[in-house]
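Enquirer: Here are the chains, one letter per residue:
Number of protein chains: 2
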Amino acid sequence: MSAVTTNPFISLHADDNIAVAARHVPAGTTLEIAGNGLTTNDAIDLGHKVAVIAIAKGQPVKKFGQTIGFASRDIPAGTWVHTHNVVIGELELDYACASDIPPDPAPITGRAFMGYRRPDGRAATRNYVGIISTVNCSASTSKYAAAQFDHELLEQYENIDGIIPLVHKAGCAMQYGGDDHYQLNRVLSGFAKHPNIGAYVIVGLGCETGPGSFLAEKTGLVQLQVPGQQPEELPLILNIQDVGGVRKTVQRTVEVLKELLPEANKVRREPIPVSELILGCECGGSDGNSGVTANPALGIASDLLIANGGTSILAETPEICGGEHTLTRRAATKEVGEKLIERVRWWEEYTAKFGVEINNNPSPGNKKGGLTTIYEKSLGAIAKGGGTALKAVYQYAEPVTEKGFVFMDSPGYDPASVTGMVAGGANVVVFTTGRGSCFGCKPVPSIKVATNTPMYERMVDDMDINAGKVLDGSTVEDVGAEIFEMIVATASGEQTKSEAQGIGDEEFCPWSIGPVL
Amino acid sequence: MSAVTTNPFISLHADDNIAVAARHVPAGTTLEIAGNGLTTNDAIDLGHKVAVIAIAKGQPVKKFGQTIGFASRDIPAGTWVHTHNVVIGELELDYACASDIPPDPAPITGRAFMGYRRPDGRAATRNYVGIISTVNCSASTSKYAAAQFDHELLEQYENIDGIIPLVHKAGCAMQYGGDDHYQLNRVLSGFAKHPNIGAYVIVGLGCETGPGSFLAEKTGLVQLQVPGQQPEELPLILNIQDVGGVRKTVQRTVEVLKELLPEANKVRREPIPVSELILGCECGGSDGNSGVTANPALGIASDLLIANGGTSILAETPEICGGEHTLTRRAATKEVGEKLIERVRWWEEYTAKFGVEINNNPSPGNKKGGLTTIYEKSLGAIAKGGGTALKAVYQYAEPVTEKGFVFMDSPGYDPASVTGMVAGGANVVVFTTGRGSCFGCKPVPSIKVATNTPMYERMVDDMDINAGKVLDGSTVEDVGAEIFEMIVATASGEQTKSEAQGIGDEEFCPWSIGPVL
Ligand SMILES: [Ca+2]
Ligand SMILES: [Ca+2]
Ligand SMILES: [Ca+2]
Ligand SMILES: [Ca+2]
Ligand SMILES: [Ca+2]
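Note that the protein sequences, when read in sequence, are chains G and Y.
Quick note: the first sequence, position 137, residue 137 per this note's numbering, numbers continuous.
Quick note: the second sequence, position 479, residue 479 per this note's numbering, numbers continuous.
The set of hints was computed from the structure by calculation and includes no laboratory data.
The model shown is predicted, which means the values in this text are computed figures rather than measured ones.
A portion of the hints provided could be inaccurate.
As the list claims (entries may be wrong) - Distance condition first, Cα-Cα at most 30 Å in a straight line; then the derived DSS-like pairs of lysine-lysine:
#, chain 1, residue 1, chain 2, residue 2
1, Y, 57, G, 353
2, Y, 266, Y, 143
3, G, 353, Y, 353
4, Y, 143, G, 353
5, Y, 339, Y, 193
6, Y, 143, Y, 248
7, G, 143, Y, 353
8, G, 258, Y, 143
To be verified - Over 10 Å on every C-beta distance to chain G, these chain Y residues come out as not near it, computed from the model:
#, residue
9, 85
10, 154
11, 218
12, 219
13, 224
14, 247
15, 389
16, 475
17, 494
What the hints assert, rightly or not - Here are some chain G residues pointing at chain Y (derived, C-beta under 10 Å):
#, residue
18, 70
19, 95
20, 144
21, 167
22, 169
23, 347
Cβ atoms here follow ideal geometry from the backbone N, Cα and C, with glycine treated the same way.
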């Protein structure tokens, strides 16, 4: 019997019948998990699972509160749980849409954050002014216009967080009216209409495939009204070719912005129910700890936000491919589940065109690290979204209108994925990282959660929360609650580490599905 | 007989048997073209062609010095030449690789520009310092480091044109070692090794699919040696995750650059043969005049540069698709022609995956505007490369090593196309535009040629040359010579309009073929 100072096992969810070893645990170790005494029957390696109660043959093995497989024999408490005693079983058979809908969490009421209430009712967490570049050909002009407003000039407008030039590499050489064009339109209009953008102007070249006029007409963009001015006095769209070149367009854009700034500055923070927060959940630079510390902790925060009536978006379709059954089963309706399947099929076909296969099957290395089934692996990413029912599935950058847990189709690529969620209306983002990503996403704050303590300490300028403490004895629930509290504080105006450094201009990255012509 | 003040027809090339109407010319107009008296037998509309000498049935119709079709009946001088008397004929039959190789132009010797000679012999036209960002996740860090060097600090280094952060939206979520990864590697290493980059540092995140270590190893990148310092004292690659976050990496990058700047500043312009210029030819925002004024004038300049022993790159594969026969016939060898066909096939297959067809067949509008055959339409773009033999075909961003007229596979999209040519070694770019593109491409100067006078005058802050004067009586040869002289002057250090405005950071746009995962 080895002496144990702190519990070496991590319990990820109250419903789980397994726990994960935070370090190597020898056979015969006695300890207490959730008030139950336990002695290990086998040695359990770091990242591997132990049965915390007896699991009868055929019963589900639960991790993250979700079924990752079924016991292939009786598994006594204290036993190592892995491929030798777990099978995928009926999970493999079909998507079973809406077959296992979790009950809605007990509602929590009365919690508010200090936000900006827009005239049309939307809730904002920041107040930026945007310069929306339709095409790469107007990117320099957009940047130059923003650069005219130095720190001093902006100080006059204490309620404005900054001017963001939303520039990118796309906007032309695509099929006019094709999928890629409409997808870019959704991103650009999503940012223009984002509650965190108090005013905006569109800067284009003029001859691009995706002109400002098409964008504005198809998505209903209009110029912010300024009292005492006719709407046509302040143009919504400035095309370089009409205005007469870069220099004149910069000058004109600056003039328009100078009219808009005093209006955009007229906002005050006020209490707004937490139910109006839309959380974007992302992971990037993942490591072996992601699925054990930061992601399940973010899942707890998601569940708390949803209990408060809010919304949490999971994205990154390639990360869940192969494990989508775990989501379709908890879909609120068959239609929601089928919409997810349709997106997964799209990805399978899309990547097949390039001869690329999306396959999340646990590799030999994954299995050595303790991952038993494809569902368990996918759940490491899915865990960010918590355990409530899946209420809706959205296309990339589509406006998110449902409350609760929702899914948005996106690539796993961090800047592209978060750009889609922000375009969809996310007004706060939590980003978990094991290797250390320094991500920001103006106009929305991005809270960064480290999965391990060494990285947190090495990159403390960039990391907001250390979920690595779960490996040292903190509970996932405690870190989840800490993330939730930081979501509320951040939404209320507290700066994240990435905001303090100004990060988030370069990371605007509309996802293009191609082809570039 | 109408009175004519200036010749209303434009002769595009000395070998042509047609000329193009610069305005509507009534039937019965008498005038002189190249010393020959001519009376029009038909009314010739703006953009349409007149036979300047009799063309016998079966004889080639020549525009831009190239065959665009064959007379389907005898065409007397003064007659309108269009679909009613021209057929594609044998051009349609096969690629006829290397069947019609133009003789090399009479060599012109002794012409030099004032450039920088690098220690390894390469010829530079500018002297920048580069911060090469491997992935979007290090873009902000790269920009912050460059921003630490304000105007004043750089003034100490009078021979340095600036510090360019080469940032982009890619670098991760791609197949490791796949086509897209290698293509990005070619772009990043092409810029690092570009003669116009005097020194560089690579900034990465650390966990990206395309890490700096892979880039440096596969392409042989090394740090600039600084006398008195051991190579390892100045790291080539700075990874944010190793250095400990954004703030520390910015600080370290600035320290390294401060060591490199005095070395990079030790250059002096000296005479270098014009044969060492590599010209990138691009058109963007084209209009009906592009194929009549700016493009053929650039073709003349290309031919002049090639007569001087230099290199001219044509790119933008989708713009020539369907008209590639006009290039395969003038390929210097069968192999060169076949390499071009292989690239065209790639595009046909690539776009077919997306259900997109690349089809340059003249539309009814094109035909109304005077374009008779698909070859004539493609030649409007191909005209930029002049009329000499096609010496080589390159993949996107591949190093250009052949002298003479060469082709590089690229999309038509301006920033992506020029990024590929610059990565391949282009040290001067000429960009023709009808609608008015304000393109710049650091570290290489971009000369912008307007196709028409109204746009030139409206956008005079951005346009370097007005080829629209061809419509008012100047010859294509004169404008071609003017472009050539500006190429030499620009290569020698004279600033272009876009350089004066600092344009060319945002336009760095590595072409990604996808998929983004
Ligand atoms: Ca402010
Ligand atoms: Ca991932
Ligand atoms: Ca991600
Ligand atoms: Ca200087
Ligand atoms: Ca182009």
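Enquirer: Each hint: holds or not?
Expert: Verification of the supplied hints:
1. Our distance criterion of 30 Å between C-alpha atoms is broken by residue 57/Y and residue 353/G, whose separation comes to about 48 Å.
2. Straight-line distance between C-alpha atoms of residue 266/Y and residue 143/Y comes to about 25 Å, which keeps the hinted pair within the 30 Å bound.
3. Restraint check: the Cα-Cα separation between residue 353/G and residue 353/Y comes to about 6 Å, which is no more than 30 Å; the hinted pair holds.
4. For the hint pairing residue 143/Y with residue 353/G, the CA-to-CA distance comes to about 35 Å; that exceeds 30 Å, so the pair is violated.
5. Between residue 339/Y and residue 193/Y the CA atoms are separated by roughly 25 Å; this keeps the pair inside 30 Å, and the hint holds.
6. At roughly 14 Å between alpha-carbon atoms, residue 143/Y and residue 248/Y fall within 30 Å of each other, so this suggested pair holds.
7. Proposed proximity of residue 143/G and residue 353/Y is contradicted: the alpha carbons are some 35 Å apart, above 30 Å.
8. For the suggested pair residue 258/G and residue 143/Y, the alpha carbons sit about 26 Å apart, so the restraint of at most 30 Å is met.
9. With a least beta-carbon separation of about 33 Å from chain G, residue 85/Y lies farther than 10 Å from that chain, consistent with its non-interface assignment.
10. Residue-level check passed: residue 154/Y sits 17 Å from the nearest beta carbon of chain G, beyond 10 Å.
11. Every C-beta of chain G lies more than 10 Å from that of residue 218/Y, the closest at about 20 Å, which supports listing it as non-interface.
12. Every CB of chain G is more than 10 Å from the CB of residue 219/Y (nearest about 22 Å), matching its label as outside the interface.
13. Non-interface call for residue 224/Y relative to chain G: holds, since the shortest CB-CB distance, roughly 26 Å, exceeds 10 Å.
14. For residue 247/Y, the requirement that its beta carbon stay farther than 10 Å from each beta carbon of chain G is not met, with the minimum near 5 Å.
15. Here residue 389/Y stays apart from chain G, with its beta-carbon at least about 28 Å from theirs, past the 10 Å limit.
16. Distance check for residue 475/Y against chain G: the nearest CB is about 28 Å away, which clears 10 Å, and the non-interface claim stands.
17. With a cut of 10 Å on Cβ distances, residue 494/Y stays outside the contact zone with chain G, its closest approach being about 19 Å.
18. The beta carbon of residue 70/G comes no nearer than 31 Å to any beta carbon in chain Y, farther than 10 Å, and the hint placing it at the interface is violated.
19. For residue 95/G, the shortest C-beta to C-beta distance to chain Y is roughly 23 Å, which exceeds 10 Å, and the interface hint is violated.
20. The beta carbon of residue 144/G comes within 8 Å of a beta carbon in chain Y, closer than 10 Å, and the hint placing it at the interface holds.
21. At its closest, the beta carbon of residue 167/G sits 6 Å from a beta carbon of chain Y; the interface hint therefore holds under the 10 Å criterion.
22. Taking 10 Å as the C-beta cut-off, the interface hint given for residue 169/G holds, the closest approach to chain Y being about 5 Å.
23. A hinted interface residue such as residue 347/G counts as satisfied when its beta carbon comes closer than 10 Å to some beta carbon of chain Y; here the least separation is about 9 Å, so the hint holds.
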